[in-house]
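Taken in order, these protein sequences are the chains called A and B. Per my numbering, the very first residue in the first sequence carries number -11; after that it's consecutive. Per my numbering, the very first residue in the second sequence carries number -11; after that it's consecutive.
Keep in mind that the hints are not guaranteed to be accurate.
A pair holds if it fits inside one copy or across any two, identical chains being indistinguishable in the list.
[Stated by the list, open to error] In silico EDC-like links for lysine to aspartate or glutamate, alpha-carbon gap of 20 Å or less:
hint, residue 1, residue 2
1, 115, 38
2, 441, 40
3, 441, 410
4, 193, 169
5, 11, -1
6, 429, 242
7, 265, 360
8, 300, -1
9, 300, 110
10, 115, 40
11, 115, 34
12, 441, 304
13, 115, 321
14, 115, 239
15, 115, 31
16, 115, 46
17, 114, 40
18, 193, 206
19, 115, 43
20, 378, 466
21, 429, 466
22, 11, 387
23, 23, 204
Hint data in this document are derived by calculation from the structure and do not stem from the laboratory.
Protein chains: 2
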Amino acid sequence: MARLQDAAEGEHFVEAAFHIIMKEAVRRGTDVNEKVCQWVAPEELESLLELELPDTGESEVRLLQHCRQVIRYSVNTAHPRFFNQLFAGLDYHALVGRFITETLNPSQYTYEISPVFVLMEDVVLKKLRELIGWMTGDGIFCPGGSMSNMFAINLARHRLYPHVKQRGLWVVPRLVIFTSEEGHYSLTKGAAFLGLGTDNVWTVKTDGRGRMLAAELDEQIQAAKSEGAVPLMVSATAGTTILGAFDPLAEIADVCQQHGVWLHVDAAWGGGALLSKRHRHLLAGIERADSVTWNPHKMLMAGLQCSAFLLKDQTDLLGSAHAAGARYLFQTDRCYQPRYDTGDRSVQCGRRVDCLKLWLMWKAIGTRGLRDRVNRAFACTRYLVTEMHKRDGFRLLMEPQFVNVCFWYIPPCLRGGEETPDFWQQLGRVAPLVKQRMVVKGSMMVGYQPHGKHVNFFRQILISPQVTHEDLDFFLDEIERLGSDFQPM
Amino acid sequence: MARLQDAAEGEHFVEAAFHIIMKEAVRRGTDVNEKVCQWVAPEELESLLELELPDTGESEVRLLQHCRQVIRYSVNTAHPRFFNQLFAGLDYHALVGRFITETLNPSQYTYEISPVFVLMEDVVLKKLRELIGWMTGDGIFCPGGSMSNMFAINLARHRLYPHVKQRGLWVVPRLVIFTSEEGHYSLTKGAAFLGLGTDNVWTVKTDGRGRMLAAELDEQIQAAKSEGAVPLMVSATAGTTILGAFDPLAEIADVCQQHGVWLHVDAAWGGGALLSKRHRHLLAGIERADSVTWNPHKMLMAGLQCSAFLLKDQTDLLGSAHAAGARYLFQTDRCYQPRYDTGDRSVQCGRRVDCLKLWLMWKAIGTRGLRDRVNRAFACTRYLVTEMHKRDGFRLLMEPQFVNVCFWYIPPCLRGGEETPDFWQQLGRVAPLVKQRMVVKGSMMVGYQPHGKHVNFFRQILISPQVTHEDLDFFLDEIERLGSDFQPM
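So that you can see chain A by itself, here it is in the shape it has in the complex (with noise of 0.2 Å):
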């Protein structure tokens, strides 16, 4: 009896693959001449791509063509000119330790399937602890930041109500969750998911720069309590998505322990900044936390998706909230501690192994390697807004904290005059003309979105450490050329 599939053939279409993912996906969509984007269509863009699935199989030259599509029409998120979302560049080891993962194909949850991977987990775990300040704790990897807040707000409530776990909701008085109004939207969505509600996310008021005035916080938490409900956690930001904001950690923590409330720290975005001495003062007081999202796979480019969930906790708590003691999956019987077997920790099941691309890129640049990239990304944030503040119609929202560059580019017609309301709805058109015209012709990526008050503004984001003097420069340029001639409508 055969096997069904042919090894040296599957080989040949791998080796082969390999060397387009090599050509058009890492040099190419890292090479600074090449585009960004492909801009198509989706109507177009789904004929092109013959997307439907057939009932036989296709020859080895058309898969491989399919391949070069794929990668063809997709964004370069590598690209030095990609500056569009939380991630961005190419980290060599860590793509390494992506493959690694992909070709092992390993499910984090037993140390029978996962020794390499379970005691991994764990060191890194360790030292990103210890990056916050902590010499004992717990942790685990999440499929995302969304879902390491959703974990947080669990732990929050197992540990003041263990018994909801058991018996719902119903058994305990309304729970109610803080964040700023700068705050990451998982909390709300993780609210709705956990039951909790969206009502019942409290959002606190934010200074000029986005960041959660802790008075406000102090107020909204005895104005829950007045209202009988129960202040179970706050969620504090440490880089917010759109400005960058870093909440007074120290603070909220004073606020928190005050009233007995979980305080977690959101510092999916932020949490980069520990790396560097020098910028690592934004997230004083971060070691007063209960928990911690972090998020590797943002500024540190770990890839996606590597997300950390840290804890002071030293009770095993994740795994008195989470655990079911599936005995088919968590034997006690083996020829080795229980406690390697972490997966029951998790609400999932099988799980990724998102820990060995981090330690891969970790062992290869070191602590140090990492902290110059974050402080080279603070360093080109500098220099971004410098020139800015050299040329006519780029206006900053505020003086960035972190490297979120929030900015209007004011096109010369609408420079000069009086800022009615007229011209701030104009304005408001300005950016997704760019920003259309820029995906056109494929020359870089920023976002763009309105917030608060304010008409729709850039958000430019610097991680990658290829981005050069050069590239910024090209990027103001291109703002203007795509732009300037803009018309009020």
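Please build the complex by placing chain B on the supplied structure of chain A, with the hints as guidance.
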């Protein structure tokens, strides 16, 4: 200003590591003459691996050595004699899909960032729905089957009580979920996580072969109602984790219809059988479900993780249950229709691309190729069972419905006598002993567990198209070799 990272050096590392991956993980990892695993106790492995993260980066030579070590001490889940989990084997095309995904590093939330994958996810989900028997509907890829099952709970809740999203569970009566006593533990985890409480997961009795008794379900639903609770959802299982049992979906659908209860089918494991004309009758009635979980990373070998959550709904229940409408990410003034920005329908923000690996594999071998694999797995299972019947000492728990073969190996010294409680106690020691010996030897891997009233028994899982009759003969011989000298305590 130079770029911080040397691209040529980086590419060289990726090329060098790729050769190691091909040689050590792909070729050796699938070679039947190599070990399945290299057992080392945790304490020893910890020192072998040099896991500590350094301040200063290491040399390429050292890094490549780390890659070799990580592969060497990891379990070869692609090996033809890995029968341990509900995933196994290696599909070369899916692997390439994974490599491309990792290199492009996309996030599956907007068309702007993932044009190819937004369209591709749609096509792949449509194909999976067609196999269920739905010509319309909805769906999304989730990070694992547990999350997919949680999505089902949340959507059932949202359809019945949409205001829970806003106001929390306090404004509705107690909700109860039903699954069989053989159902997956993720329902319990999900009920805890979503605030329903594990007490409100009611387990329904099964027949002698692990299939939910529809009459019992009906009684339980009535009992819940009489307590004043609201029956929220039934999660029927198509392919239970241990026994591989298929609940009678048509009968269960009748009960659900009668009571107006959401029917979810957890086909994470058994969904693969839908590919086979010969075996899809096992899931007859699945088209009457409201939602289905199906993990192509299991039987279809797409690679972890690939879990489809599929819906009959056409009212964008996913959107209304999950959306938070973050304007920084989901703009409405883009140059394409907002419906192509699918990310807000998840509870995640950043979301991995899980469709490409499945899509590329499907293109490569077609629906027929997938069907042949599924049929072959069933046929190999039949072969194994027939061979077991020919040998002394192998006793099945029951004739398998699927590709789970649950059996005891009774060593010579325990044969022929009366089956007293002491006999069973001794028998329960056999599987752990045999397992430990096979892991230390590295010859193969198969799971075992106690279950209900049954002492430890083996659960052999057959998936990979690389498995031959010779491997199965080896499997039986090896258990005899490792277990025949067992002595009672």
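Taking the hints in turn, this is what the structure says about them:
1. 115 to 38: Intra 46 Å, inter 14 Å, cutoff 20 Å: inter-copy only.
2. 441 to 40: Classified as neither; 45 Å inside a copy, 48 Å across copies.
3. 441 to 410: within (14 Å within a copy, 76 Å between copies)
4. 193 to 169: The answer is within: 6 Å in one copy meets 20 Å, while 49 Å across copies does not.
5. 11 to -1: Classified as both: same-chain Cα gap 19 Å, cross-chain 10 Å, threshold 20 Å.
6. 429 to 242: For residue 429 and residue 242, the Cα distance exceeds 20 Å both inside one copy (51 Å) and across copies (56 Å).
7. 265 to 360: This pair counts as within: shortest intra-copy Cα distance 10 Å, inter-copy 58 Å.
8. 300 to -1: neither (46 Å within a copy, 39 Å between copies)
9. 300 to 110: within (14 Å within a copy, 41 Å between copies)
10. 115 to 40: between (46 Å within a copy, 9 Å between copies)
11. 115 to 34: This pair counts as between: shortest inter-copy Cα distance 15 Å, intra-copy 45 Å.
12. 441 to 304: This pair counts as neither: shortest intra-copy Cα distance 44 Å, inter-copy 30 Å.
13. 115 to 321: Neither: 31 Å inside a copy, 43 Å across copies.
14. 115 to 239: Answer is neither; intra-copy 26 Å and inter-copy 53 Å both fail.
15. 115 to 31: Answer is between; shortest inter-copy Cα gap is 19 Å, intra-copy 47 Å.
16. 115 to 46: Close across copies (17 Å), not inside one copy (47 Å); limit 20 Å.
17. 114 to 40: between (46 Å within a copy, 10 Å between copies)
18. 193 to 206: Answer is within; shortest intra-copy Cα gap is 11 Å, inter-copy 51 Å.
19. 115 to 43: The answer is between: 11 Å across copies meets 20 Å, while 49 Å in one copy does not.
20. 378 to 466: Answer is within: at 16 Å inside a copy they meet the 20 Å cutoff, but 76 Å across does not.
21. 429 to 466: Classified as within; 11 Å inside a copy, 63 Å across copies.
22. 11 to 387: Cα proximity of residue 11 and residue 387: none, with 40 Å in one copy and 52 Å across.
23. 23 to 204: neither (47 Å within a copy, 62 Å between copies)
Checked against the numbered hints above, the structure violates hints 2, 6, 8, 12, 13, 14, 22, 23; every other hint is satisfied.
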